[in-house]
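Novice: Order-wise, the sequence lines are chains A and B. Each residue of the first sequence is one higher than the one before, starting from 204 at the first, in my numbering. Each residue of the second sequence is one higher than the one before, starting from -8 at the first, in my numbering.
No wet-lab data here; the hints were simulated from the structure. As the structure is a prediction and not an experimental result, all values here were calculated from the model. Glycine included, every Cβ here is placed at the ideal spot set by N, Cα and C. Mixed in with the good hints there might be a few duds.
Said to hold, decoys possible - Pulled a few chain B residues facing chain A out of the computed Cβ check, cut under 10 Å:
(1) Lys(-5)
(2) Ile4
(3) Gln5
(4) Tyr15
(5) Lys29
(6) Cys58
(7) Lys61
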Amino acid sequence: MKFRKIKDFKDYCKKTREKKRKNIKVKVCITGCRAKGALDLYNEFKKRKDKEIEVIPTGCHKFCSGAPVVKVETFSENFLYQNVCINDIDEIIKNAKKDRPVERILLKDKKFFELQEIKVLKNCGEINPVDIEDYIYYGGFSSFLNVIENFTPEKVIEELRKSKLRGRGGAGFPTYKKWEIVKNQVSDEKFVICNGDEGDPGAFMDRTLLEGVPFQIIEGMLICAYTIGANKGFFYIRAEYPIAVLHMSQAIKECYKYGLLGKNILGTGFDFDVEIKKGAGAFVCGEETALIASIEGKRGMPRSRPPFPAEKGLFGKPTCINNVETFANIPIIINEGGESFSKIGTEKSGGTKIFSLAGKVKNTGLVEIPLGTPLWKIIYEIGGGAINGRKIKGVQTGGPSGGCIPVEYFNTPTDYETLAELGSIMGSGGMIVIDDKVCAVELARYFLDFVQKESCGKCVPCRIGTKRMLEILERITKGKGEIEDIEKLEKLGNYIKETSLCGLGQTAPNPVLTTLKYFKEEYILHIKDKKCIAGECKELIRYFIIPEKCVGCGLCKKNCPVFAIEGEIKKTHKINEEKCIKCGLCFTICKFKAIEKS
Amino acid sequence: MKNKSNLEILQEIQEKKNYIPLDYLDKICKKNKIPKSKIFGVLTFYSQFTTYPRGKYLIRICEGTACHVKGSYKIIEMLENEFGLENGKTTSDMKFTLQVVACLGSCFIAPCMMINNDYYGNLDVEKVRKIINSLK
């Protein structure tokens, strides 16, 4: 049904919101949890065909380490279950009818949610991502209606200014400013682009938003298009996110069906068409000018700015390009009003930020907190601390463009400026916790290897500089480093930062520079003592047999692929270090734990 | 193929044929009057494209930060040593193609992988060995 008038659509919204729904709702995450069999679980719930129960496929419930996660809403209460399996279904349904939980699988770590401020992700995990009616039921499109009825573009920008919203893609440019620049451009055509090329390894909030609340992002884009005067929008979504592409294309289709996209939207005379463009596996395409080149169908190479895309972007026309999370914030700002929105957050940046917490931490998943929350709160309180009782060493924020922040600085509030002062960046919000089993030098090598592979090759500092840095780091992790290498890395890193063309190169040395700053002793240990305290650098590990524990069974000798173990049966064996290739096979197969590594 | 950008043309071919056969690409170029150099530039830039046929199962194993610190390199090593898989290559029986990717956005269940369009998470060497053996 296509709505041709605002009033008709409003009536429809009102009717939808008043609709009586079933008393018990079972909400199964079918996005992130899919990897743990959530789709089967959903189908199994559906198969029960219980008349009292409404089974809804939803987006992420945020607590991803408990996958598959199921939320059950009964008459009076909500229960969140973790690690649900098909055998639990009958009990869940039975208890739900009695308003009781299944204690056994109830979410245990309550703190995970208590300390969060969930706003942008509020509908994620509540609604069926591709059901427009469900989105409207939970208040969807009311912001857009409000804007086209009561707001001038200037007023939208004013609200955004008051909200202190800054771009969630990482750089933190004030959103109102960007919109204002594009709005003030005189051009026959303008574009809106939603940057969903979340290439940072370790970040998954854009994926979750695209999969869980596609309508919210479309609504944000609609408001943007209306404000800046654009009639065409693009979603750029990376190819590694098939579910995101699927949900977004279904959501777009629904919007066209309802007359919320297309020509003469709700009879207002405002036209807006959107299209999805799929990425093809290039990290650099997250950079705005490279992304634009990619949409144009070219090699995804960045170009120098200015002119900024806001002046000359896609096909040379003014283009407003924002991150997925930025667009998802827009409907909330309009609903709440800019001023109230800015009450949460810091003085310079308002609102909440979604972080994706992963790595060596107990509770992994999505964490939405006010900007300015200290790191320890996220990692120890919400994240629940280290796994297996290990010691946390630091946290890597901002992916390969960010840096490694050590435990001593966990008092730092998470904000664009404070993280930059430490040499890291906020980035899109990935947080990978590392413990004492992770080698700082190896981690730096890993990131350099990544950016070196992903460098587009256009500018020399990034193309050749990162290669040289990687070579030095490889040397160090192999125990062949020299003490001068540290100085060389620092020098080279700073050159690359200052002279690279785009964000990729300008931030590429960050992981090395921060680990050099905070974990220098580890570098020195690698170089001088040829030692890796984390035991990660293979070539620096030494395996040896403890004579007291060795019974001479010969198992290690038999299995050693290079015949590096010597000894007679029932007598103590010995590893010939010259022959040993440090594969670690003997270490894993010894039944008497007689082999140790250092 | 009209009004399609070079990138989209390539994506379409790969979707249809599972890889990009060069002789087929030749035909498309001639038909649509696209300079081969232009399309080749795009083809070689993006890591998603391959000019060799891919196996029945495309194994995309994640090497993102979370997966890396949780030991995904051990899984990659095992696949190389035990199954003879190699990044970007296909086994001679056309069953498996291995692709080591930067991030699958499933860091919460690291280490993870995708086989065709199915996700697998919280992996270790033993689990992956079992999964691959079951597909053999």
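Novice: So, Lys(-5) of chain B near chain A? Judge it on the closest CB pair being under 10 Å.
Specialist: Holds: closest Cβ of chain A sits about 8 Å from Lys(-5) of chain B, inside 10 Å.
Novice: Interface hint check: Lys29 of chain B, Cβ to nearest Cβ on chain A, cutoff 10 Å. Holds or violated?
Specialist: Since chain A brings a Cβ to about 8 Å from Lys29 of chain B, closer than 10 Å, the hint holds.
Novice: Is the interface hint for Cys58 of chain B satisfied, with its Cβ closer than 10 Å to some Cβ of chain A?
Specialist: Constraint on Cys58 of chain B satisfied, holds at 8 Å.
Novice: Please verify that hint: Lys61 of chain B, Cβ, nearest Cβ of chain A, below 10 Å or not.
Specialist: holds (7 Å)
Novice: Quick one, is the Tyr15 of chain B hint okay against chain A at 10 Å, beta carbons?
Specialist: violated (18 Å)
Novice: Mind checking the CB of Ile4 of chain B against every CB in chain A and telling me if the closest is under 10 Å?
Specialist: violated (12 Å)
Novice: Taking the least C-beta to C-beta distance, is Gln5 of chain B closer than 10 Å to chain A?
Specialist: holds (9 Å)
Of the hints listed earlier, those the structure fails to meet are numbers 2 and 4, in rising order.
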